[in-house]
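Peer 1: Numbering (the numbering used here), first residue to last: 408 to 1150.
Each hint should be verified, as a subset may be incorrect.
With a straight-line Cα cutoff of 25 Å, these simulated SDA-like cross-link-like pairs (lysine to any residue) come out [as the list claims (entries may be wrong)]: (1) 924 to 1135; (2) 1003 to 1049; (3) 1052 to 1104; (4) 1014 to 808; (5) 1052 to 1079; (6) 1052 to 1089; (7) 1003 to 1050; (8) 1063 to 1094; (9) 1003 to 957; (10) 1052 to 1094; (11) 1063 to 1128; (12) 1063 to 1089.
Distance windows between CB atoms, simulated [what the hints assert, rightly or not]: (13) 829 to 901: 44 to 52 Å; (14) 1120 to 829: 53 to 61 Å; (15) 677 to 1118: 53 to 61 Å; (16) 901 to 1120: 36 to 44 Å.
Hints were generated in silico from the structure; no laboratory data involved.
Note that beta-carbon positions come from the ideal geometry of N, C-alpha and C, so glycine has one too.
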Amino acid sequence: MQRAIRQAFGLSVLTILFTVLLAAVSVTAATFTVTNTNDGGPGSLRQAILDANATPDADIIQFDAGVFSTPQTITLTSGQLTILDSNLTINGPGAELLSISANNQFRSFLIRAENTPAVTVTINNLTIKDGNAGGGGIRVNDTGTDLRVILNISGVVIRDNTTNSGAAGGGIQFAHGLGELYVNNSIFRRNTANGGAAISCGGGGGACVAVTITNTLFEENVAGGLGGAGFTCCGNGNPVSPIVLENVAFVRNTGGNNGMVMRISHPTTQFIFRNMTVAGNNSGVSGNTAALQLEFGHFSFENSTIAYNTNLDTTGSLPVGINSIWGDTVISFRNTIVAKNSNAIGQNRDLSAQNRNLGRLDSLGYNIFGTLVGGTVVEGTTTGNQIGNDPLLDRVPRENGSFLKTLALRPGSPAIDAGDPATFLATDQRGITRPVDGDANGSALPDIGAFEKRPQDVVLQTPLFDFEGDGRSDVSIFRPGPGQWWYLRSSDGGNRAFAFGQSTDEAVPGDFTGDGKTDIAFFRPSVGQWFVLRSEDSTFFAFPFGASGDVPVPGDFDGDGRVDAGIFRPSNSTWYVLRSSDLGITISPFGTAGDKPILGDFDGDGKSDLAVFRPAGGSGGAEWWFTRSSDGQNRAFAFGTSTDKAVAGDYTGDGKTDVAFWRPSNGLWYVLRSEDNSFYSFPFGVSTDVPVPADYDGDGRLDAAVFRPSISTWYLQRSTAGFEVVPFGTTGDRPLPATTTLQ
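Build the full structure now, drawing on both the sequences and the hints.
Peer 2: Structural data, given as structure tokens:
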């Protein structure tokens, strides 16, 4: 009989529990309304909290809808906001409408129970940012073991908080005593601390608070030597109830030692991880740690994905995915992927429990495990397990229909329809109902991991010019004179340089090997040869494809996650594609004299489409033509003039290339939305600039950008991270984003 386990979407057990906790306020609650953004005085948030502290009943703080209907920031100038012995609910207008900023001077909130046995505080729908103290965002500081704080967080963004003096808990810190923490539908981003950069829940004195986290994203948090950029829980006392993380994503975090993302040491507690993604995290400049360091306790993973995390170990002896290093540790897995976690020398090191007395790995079946370190043995049920198989995941954590980022399953993944047919979670991390017939064989079975593949799910291609595989395009140039390639690593700002090619070669960088990183590559027109420098090991390979006069147009035309060699032959307006999937050749007449080939996936099916920009179309202006790979149908648009520069790309983040051009005469960008064929325009650049659009902040949307040759400077208008000026290059350099996107 199938057991479909309900999760935190709809009326799940966790949602009901969370709702009950939020409702646990007195029916005689007083309501205080914040009417301004001052940090003190009548109508301020500080005054509302002082008033609530002075009343014996549970109270509510709300915000005037007229004042807070547009984005507002309350900047603290008089120290932290202290909630003392008060059962209080703060209902913000929305995280995008209200920010509480501590201005990098002190923490935002201190919550204390001094004379009340149990205090319940609920904070909803706002942003807490720029704190600077232990518990930079929120610190819970009980003063006795019989006193506790129950903290509920929902719809809250906690970002850009830090600690001082090597303290823990950049976002939230439980410092002493007992307590409970419930987090739902929230985001922890760019918080920093020595340990537990987002959340530190060790309560002090050997205690640890009870925690339930659902529907929450941890991204770009940074921890130091104590580890756990996302979450730490260390102690030997309470809680007795399980600690649960469900529908949670930890992506692109950095942790120095003792666990990049998580450090947990608690022998009396069961930890339950359901629908969890841990991907794209790294150990920073000094760490050799695993993504998850599990030291004591019982841990259960179900429908989770731990992949593409990296550390700096060069010995090959240390784990990168999950490490169990101390006694009485039991880790069980069902329907879970632990694979493709690698060290500094490119070795996969996924699971470690090398001494059974120090930890035991129990399989409940239907898992994909990559590399087991040393003498690690997986015990239990082996039915449905795959050891050593490549799970064929998208290397980059993306939104994929939900802000809870996941690693999508690529076509042909062995995880598709390979999960336990009887026991699986009812929905995936995004809320997609399981099971789905992902391999289209007529039988719907659950997938392994946190992502349930549907027929309409598309694995987006590796961002162009992402040489290090962090999901962000890198500022990069080709220097023709010495045949050098230079790029600026988006992850840490370091430079890399390679000598590869000569001045007459044409740069064609792309992910030819399917490892999620752009490979340095060039096409030599004189001999019709392609040369590719593998990102994995800096070896190269070469092959003939094309002739002098051909225009190279590399793209993933067969949708296998690897760039194919493609050429457009102007003499006969014909495309030739060497498919990487089977080495077959596709020949397609498409275009006419004067057309310029462009790159793009205009129908969003994960395959590059044949496309041209026609500067002088029959309509009198410029025209765009493309053939949809999904159904072979042609589409055409009149958009622009003959002197415009084609800059097509996915500016709106819907997975489809938008028709777009840049007009040098006035520096305006014009984008025709793929969603509804409406357009918008904006100014960015001057007439002598070179347009270099790419996804520089890794949010899945192309960013407007220009390279100014006169001063070798890049100007980036990043869609999420904002404006940036980057001096990079020298006279004569060719910016790579202008070499293959603007033919």
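Peer 1: Next step is simple, just say for each hint if it's right about the structure.
Peer 2: Hint check:
no.: 1; hint: 924 to 1135; in the structure: holds (21 Å)
no.: 2; hint: 1003 to 1049; in the structure: holds (11 Å)
no.: 3; hint: 1052 to 1104; in the structure: holds (23 Å)
no.: 4; hint: 1014 to 808; in the structure: holds (19 Å)
no.: 5; hint: 1052 to 1079; in the structure: holds (14 Å)
no.: 6; hint: 1052 to 1089; in the structure: holds (15 Å)
no.: 7; hint: 1003 to 1050; in the structure: holds (13 Å)
no.: 8; hint: 1063 to 1094; in the structure: violated (28 Å)
no.: 9; hint: 1003 to 957; in the structure: holds (12 Å)
no.: 10; hint: 1052 to 1094; in the structure: holds (11 Å)
no.: 11; hint: 1063 to 1128; in the structure: holds (21 Å)
no.: 12; hint: 1063 to 1089; in the structure: holds (20 Å)
no.: 13; hint: 829 to 901: 44 to 52 Å; in the structure: holds (49 Å)
no.: 14; hint: 1120 to 829: 53 to 61 Å; in the structure: holds (60 Å)
no.: 15; hint: 677 to 1118: 53 to 61 Å; in the structure: holds (59 Å)
no.: 16; hint: 901 to 1120: 36 to 44 Å; in the structure: violated (19 Å)
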